[in-house]
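Undergrad: First to last, the sequence lines map onto chains F and H.
For the first sequence, the residue numbers in the working numbering are 1 to 254.
For the second sequence, the residue numbers in the working numbering are 1 to 254.
If you are wondering where the hints come from, they were derived from the structure by calculation, not from laboratory data.
Hints are not guaranteed to be accurate.
You can't tell identical chains apart in this list, so a pair holds if it fits in one copy or across any two.
Unchecked claim - Heads up, simulated SDA-like pairs for lysine to any residue below, C-alpha to C-alpha not over 20 Å straight-line: (1) K98 x H51; (2) K184 x E134; (3) K53 x V111; (4) K184 x R165; (5) K216 x G79; (6) K53 x W196; (7) K184 x V111; (8) K53 x R244; (9) K53 x G23; (10) K184 x A208; (11) K53 x D177; (12) K98 x L120; (13) K53 x L4; (14) K184 x N223.
Protein chains: 2
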Amino acid sequence: MHSLQFTADSSSNGMVERGFTVGEVPGVLWSPASATERAPLVLMGHGGGAHKKHPAMAGRAQRLVTGCGFHVAVIDAPGHGDRPRTAQDEREIAELRKAQAAGEPEGPIVVRYNARLAELALPEWRATLDALQELPEIGADGPVGYFGIGLGTAIGLPLVVVEPRITAAVFGMHWPDALFEQAKRITIPIEFAMQWDNERIPREASLALFDAFASKEKTLHANAGTHFDLPRFEADSAVRFLARHLGGAVNSPS
Amino acid sequence: MHSLQFTADSSSNGMVERGFTVGEVPGVLWSPASATERAPLVLMGHGGGAHKKHPAMAGRAQRLVTGCGFHVAVIDAPGHGDRPRTAQDEREIAELRKAQAAGEPEGPIVVRYNARLAELALPEWRATLDALQELPEIGADGPVGYFGIGLGTAIGLPLVVVEPRITAAVFGMHWPDALFEQAKRITIPIEFAMQWDNERIPREASLALFDAFASKEKTLHANAGTHFDLPRFEADSAVRFLARHLGGAVNSPS
């Protein structure tokens, strides 16, 4: 088992940011500047082509850390951020760009590529969670949530299936093809985001994936607009969902 | 034009409650106890078989009044609350009870009955809004929202079509049959609630009604569970939606 090595830290807006590695995998841990007790942990998965410190990750972390007093950890997905791309990564990305340039459906390529990334990322996430729970400010038995859209769902959904420590999750915005069977095995509370007029992921496919979750508590949020129009207020909603299930109130007006 | 007559008032938990009538129609106006300036107004429609002071109405009003500083008005629908039932009301209700007892579909009866109530209620609501806007603490040009589920949607949806003063609305939980064509004429921001496993209103019918709204900003919230399982956190969500569109922050942690 790999232990967690901190690499750098900084602090701003009431949030401490610590870079870390677990084995070869680089991550970031955002924590409350003034924390004194153990607090819940949210694992966040970044989107395809993004990385652990993408502005969307930092923005969501700010809401969770200063709004709820939670810890937030993100790791780079395989081939993303500070991690090397393999020849296979390069081939898949080239195929994706080609399909996009030709106006051909990208779904089949993304589904296949992300499924392979998920397979690699699952043991990485589990080792990261093991290591994070050794930190005294997190601890081995505290609440753990997951929040990831797009690639963050492609990785997070199968992670939740095998990882009983995660007790609430926010997903959305991914083709369902490789995820249906796994969604049927998920029973924890879920919030699921989709775009009603998504030009990439068919509406019926998103509705069918939401339908597949076996969770007794699950909420679908569908907003008018295309793939990249996902409204910012959905991040606030995800924060409230996680606060409700992991414990704690949201202190910022939102 | 009827003017507004206050009938009684009381105060608790930071909220002033004033009964009123506009012509023959009884209503209630909830306002902040400490208001000094004009504030937005939310019109709320109660559910079928309920009335203006039903606990769901008072609970939502509390969130909007003390959380956002808004005014909230509810009037009794025709045949509801303090208003007399006509012979036709009695016939429709008897038919509905009979269908429910026999396990027959109630949709056709509710759709027809509620469409008639909406026809009667529209001029009542417009006269009430005229009268409320004469109050100095509301005023003629302040923001106005609408929040109504079930019968509150059957009445509120056609009201929004004819009433340009309403600029944001929360709807949900109603058969679409009599509402499709009117939804297509609505362009204001909408939040729409449905129950994913509704045993009364078919899932596809609710999705189709949401799809019909012409609004550029519209959000669907679908929760697992049957008709009467609509989660309480949807009321908090509706309050945040109205605060976002009518102006103001939500001050209670929710």
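Undergrad: For K184 and R165, with the copy left unspecified, which applies at a CA distance of at most 20 Å: within, between, both, or neither?
TA: Classified as within; 18 Å inside a copy, 45 Å across copies.
Undergrad: Is it within, between, both or neither when you check K53 against W196 at 20 Å Cα-Cα?
TA: Intra 28 Å, inter 36 Å, cutoff 20 Å: neither.
Undergrad: Tell me, please, which holds for K216 and G79 at an alpha-carbon limit of 20 Å: within, between, both or neither?
TA: neither (35 Å within a copy, 37 Å between copies)
Undergrad: First find the shortest C-alpha distance between K184 and E134 inside one copy, then the shortest across copies, and answer within, between, both or neither for a cut-off of 20 Å.
TA: neither (31 Å within a copy, 56 Å between copies)
Undergrad: Under a CA distance limit of 20 Å, which applies to K53 and R244: within one copy, between copies, both, or neither?
TA: neither (25 Å within a copy, 28 Å between copies)
Undergrad: With identical chains, the pair K184 and A208 could be close in the same copy or across copies; at 20 Å between alpha carbons, which is it: within, between, both, or neither?
TA: within (11 Å within a copy, 25 Å between copies)
Undergrad: When no copy is named, should K53 and L4 be tagged within, between, both, or neither for a Cα gap of at most 20 Å?
TA: within (18 Å within a copy, 57 Å between copies)
Undergrad: Regarding K53 and V111, is the shortest C-alpha distance of 20 Å or less found within a copy, between copies, in both, or in neither?
TA: neither (24 Å within a copy, 52 Å between copies)
Undergrad: Are the CA atoms of K184 and N223 at most 20 Å apart within a copy, between copies, both, or neither?
TA: Answer is between: at 17 Å across copies they meet the 20 Å cutoff, but 24 Å inside does not.
Undergrad: Is it within, between, both, or neither for K53 and G23, if the alpha carbons may be no more than 20 Å apart?
TA: within (19 Å within a copy, 61 Å between copies)
Undergrad: When no copy is specified for K98 and H51, does a C-alpha distance of 20 Å or less occur within a copy, between copies, both, or neither?
TA: So K98 and H51 fail the 20 Å test inside a copy (22 Å) and across (60 Å) alike.
Undergrad: Tell me, please, which holds for K98 and L120 at an alpha-carbon limit of 20 Å: within, between, both or neither?
TA: This pair counts as neither: shortest intra-copy Cα distance 25 Å, inter-copy 59 Å.
Hints 1, 2, 3, 5, 6, 8, 11, 12 from the earlier list are contradicted by this structure; the remaining hints agree with it.
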